[in-house]
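If you count the sequence shown from 1, you need to add 119 to reach my numbering.
Honestly, I wouldn't trust all of these hints.
Said to hold, decoys possible - Computed spacing ranges between beta-carbons, pair by pair: (1) T275 - P171: 45 to 55 Å; (2) D231 - H153: 42 to 52 Å; (3) P188 - E320: 20 to 30 Å; (4) T275 - I157: 38 to 48 Å; (5) P188 - Q296: 35 to 45 Å; (6) F222 - H186: 20 to 30 Å; (7) Q330 - P121: 48 to 58 Å; (8) A175 - N128: 40 to 50 Å.
In case anyone wonders, no lab produced these hints; they're calculated from the structure.
Beta carbons: idealized from backbone N, C-alpha and C, even for Gly.
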Amino acid sequence: MPSLWNHANPQLRDLAVYEPGKPIEETARELGAHASSIIKLASNENPLGPSPKALAAMRDALEFAHHYPDGGGYYLRGALAAKLGLARENIILGSGSNEVLEFLAHAFLHRDDEIITSQHAFIAYKLIAAVFGARTIEVPSPDLRHDLDGMIAAITPGTRLIFIANPNNPTGTLLSQGEIDRFMAALPERIVVAFDEAYFEYVENPPNTLQFLRDRRNVLVLRTFSKIQGLASLRIGYGLAHPE
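Based on the sequences and whatever the hints tell you, model everything.
This is the structure in structure tokens:
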């Protein structure tokens, strides 16, 4: 009997599944070990855990677990807007920043389009591109750093998106403000750049990518509550862009 899988979208048939780091409990079961003997380093989870204020707010919210949430995240977007000096309309929320990346792909990627990223980049970028039948151009990473000039040189008429994690995951390298400014000055206006800033709070004086948003460049800045805020299990990511 023919498999139903033969009728699935062809770009999905050989797609590798993104596998996040296993929970400690699962690893303990597999190894027959006690969970307390295992230290997990795979997912960059915050060892300090959430703020006590966040824990208290979550406990209070459980009382209303029978209600559907505000799907638009009105108050969270308002708080983020006030903190960042933006408007609510500049902010989109997702179930983790990965979902915001998927929103971006839904909006701009078609079959046989191209994305550009670096050789040692977060694997989710190429997996998302593959779902839409797009090709990934990986620019070599000398010294484990993004080669921004190489990314500019790799642009073709089919290029739609460029993904840049800064600080980079998993290499930990950092682009300076000057490097990013020169890159943006050379970038064709039609191309959308996603700056993935999941770890930007760990950097003293991080580059200011929000300036490009305010200049109405085609930029999406991605951030998350999973890392420094220690809220990975809540899956709260957000994107920052001009409303259009």
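Going down the list of hints, with the structure as the test:
1. T275 - P171: 45 to 55 Å: holds, 51 Å
2. D231 - H153: 42 to 52 Å: holds, 51 Å
3. P188 - E320: 20 to 30 Å: About 25 Å separates the Cβ atoms of P188 and E320, which means 20 to 30 Å holds.
4. T275 - I157: 38 to 48 Å: Because 46 Å falls inside the window, the suggested range holds.
5. P188 - Q296: 35 to 45 Å: At roughly 37 Å between Cβ atoms, Q296 and P188 fall inside 35 to 45 Å, so the hint holds.
6. F222 - H186: 20 to 30 Å: holds, 25 Å
7. Q330 - P121: 48 to 58 Å: holds, 55 Å
8. A175 - N128: 40 to 50 Å: Holds, since A175 and N128 (Cβ atoms, about 45 Å apart) stay within the stated range.
In summary, this structure violates none of the numbered hints.
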